[in-house]
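Protein chains in written order, with the numbering used here: chain A, -14 to 193; chain B, -14 to 193.
Just so you know, not all the hints are guaranteed correct.
Each pair may be met inside one copy or between any two copies, as identical chains are not told apart.
Stated by the list, open to error - Below, simulated DSSO-like cross-link-like pairs (lysine-lysine); rule was C-alpha separation at most 30 Å, straight line: (1) Lys94 with Lys162; (2) Lys75 with Lys94; (3) Lys(-2) with Lys107; (4) Lys(-2) with Lys94; (5) Lys94 with Lys139; (6) Lys(-2) with Lys162; (7) Lys22 with Lys94.
Hints were generated in silico from the structure; no laboratory data involved.
Number of protein chains: 2
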Amino acid sequence: MELQNVLPADIEKRSMEIIAEELGEIQLDPEKLSIIKRVIHTSADFDYARTLHFSNGVVEKALEALKKGATIVTDTNMACVGINKPGLNKLGGKAVCFMADADVAERAKEAGSTRAAACMEKACEVEGPVIIAVGNAPTALVRLDELVKEGRIKPELVIGVPVGFVNVVESKEIIMKTGIPYIVARGRKGGSNVAAAICNALIYKLTR
Amino acid sequence: MELQNVLPADIEKRSMEIIAEELGEIQLDPEKLSIIKRVIHTSADFDYARTLHFSNGVVEKALEALKKGATIVTDTNMACVGINKPGLNKLGGKAVCFMADADVAERAKEAGSTRAAACMEKACEVEGPVIIAVGNAPTALVRLDELVKEGRIKPELVIGVPVGFVNVVESKEIIMKTGIPYIVARGRKGGSNVAAAICNALIYKLTR
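Required output: the full structure, derived from the provided sequences and hints.
Below, the structure is given as structure tokens:
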């Protein structure tokens, strides 16, 4: 087995070509294609061509939010770290994660909820347009659905890609009915890497 | 579709039970089982039951290294952030990532290599036992193989789980022949989340 001789700068381009080749005959909306391809690029998992679901006009709405300098709130530090900061900063936006905050731990303890759910409450206090990116905790999506219905938060976009086995599938179905623009990976799969990849695909549409 | 009523503290336990049920008749070495289950827990991808490969006696060697306070060097900040710090600190270890270091960018530029490859060179300067965890860049594994052969580094363990389409499969086959203890996800799949999950599964064996 021989290594291919690909220059560092060309690795991503070559990867995207391979992904496009292997997607083959699958017809995908060109607007969504770069997002789907970037998620496959980060996971090597072609299931996402089938499982990623987009609400009507969500890409345009997401790009509008980013242009307004939206704050991306993630449910893990991994997702937050994975988001392309130079690109986001160029748009005047920022990425934050409240999971390690002392007041979040306290809120969760008092409410008997998860810290991820408490993070969504803290997200209600963020000023300006907000994008919620959930790559880990279904409890964050369930709480977000409640907060939206209570009128406490109105995100420009929710990226709903938690991963796992308990209430993950259900939480995604719930958030798709909440009435906010969404990009969701239906089923069990997802992750912080997938959440960051979707954010980055959107950011790159505006900055590359 | 109804949400299951599972207490926050019980979500992981219930997830692991579901994973064990669905692994079904697959016979797995008990020593490796908790590592495989944690990777599936972090990815919801049962492929890893088949693709994760372990060198002889690697788990025992890895635990010895962690007990000696090994430094885990990752190739992404995402993997570094995902490693359980309270557990690792309890063992006297630490996790580091050199990807954002100015001298690494410079080395890479001079050598015409990737920053990930330059990170492996910097890893040679780490004092004490070292564990290398690669969740992203195949070029890190290829360079590591060279550095081991040149006698410049002798890791206690390499976690080789880069993800992608260009030289990823090949880099894993190379590192499995280098002669150092390894845990490798053969094939294209892997990721920073998988690298962190393997580290955490090992850490939890000693601290939970």
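Status of the hints after comparison with the structure:
1. Proximity of Lys94 and Lys162 under a CA criterion of 30 Å is satisfied intra-copy only: 28 Å inside one chain copy versus 49 Å between copies.
2. For a Cα distance limit of 30 Å, the shortest separation of Lys75 from Lys94 across copies, 24 Å, qualifies, whereas the shortest one inside one copy, 37 Å, does not.
3. With identical chains, the CA atoms of Lys(-2) and Lys107 are at most 30 Å apart between copies only, with a shortest distance of 27 Å across copies and 39 Å within one.
4. In this assembly of identical chains, Lys(-2) and Lys94 lie within 30 Å of each other by CA distance solely across copies; the values are 19 Å between and 46 Å within a copy.
5. In the homo-oligomer, the alpha carbons of Lys94 and Lys139 lie at most 30 Å apart inside one protomer (25 Å), although the nearest pairing across protomers, at 45 Å, exceeds that limit.
6. Taking CA atoms no more than 30 Å apart as the test, Lys(-2) paired with Lys162 passes between copies only; the shortest distance there is 29 Å, against 36 Å inside one copy.
7. In this assembly of identical chains, Lys22 and Lys94 lie within 30 Å of each other by CA distance solely across copies; the values are 28 Å between and 39 Å within a copy.
In this structure, none of the earlier numbered hints is contradicted; all agree with it.
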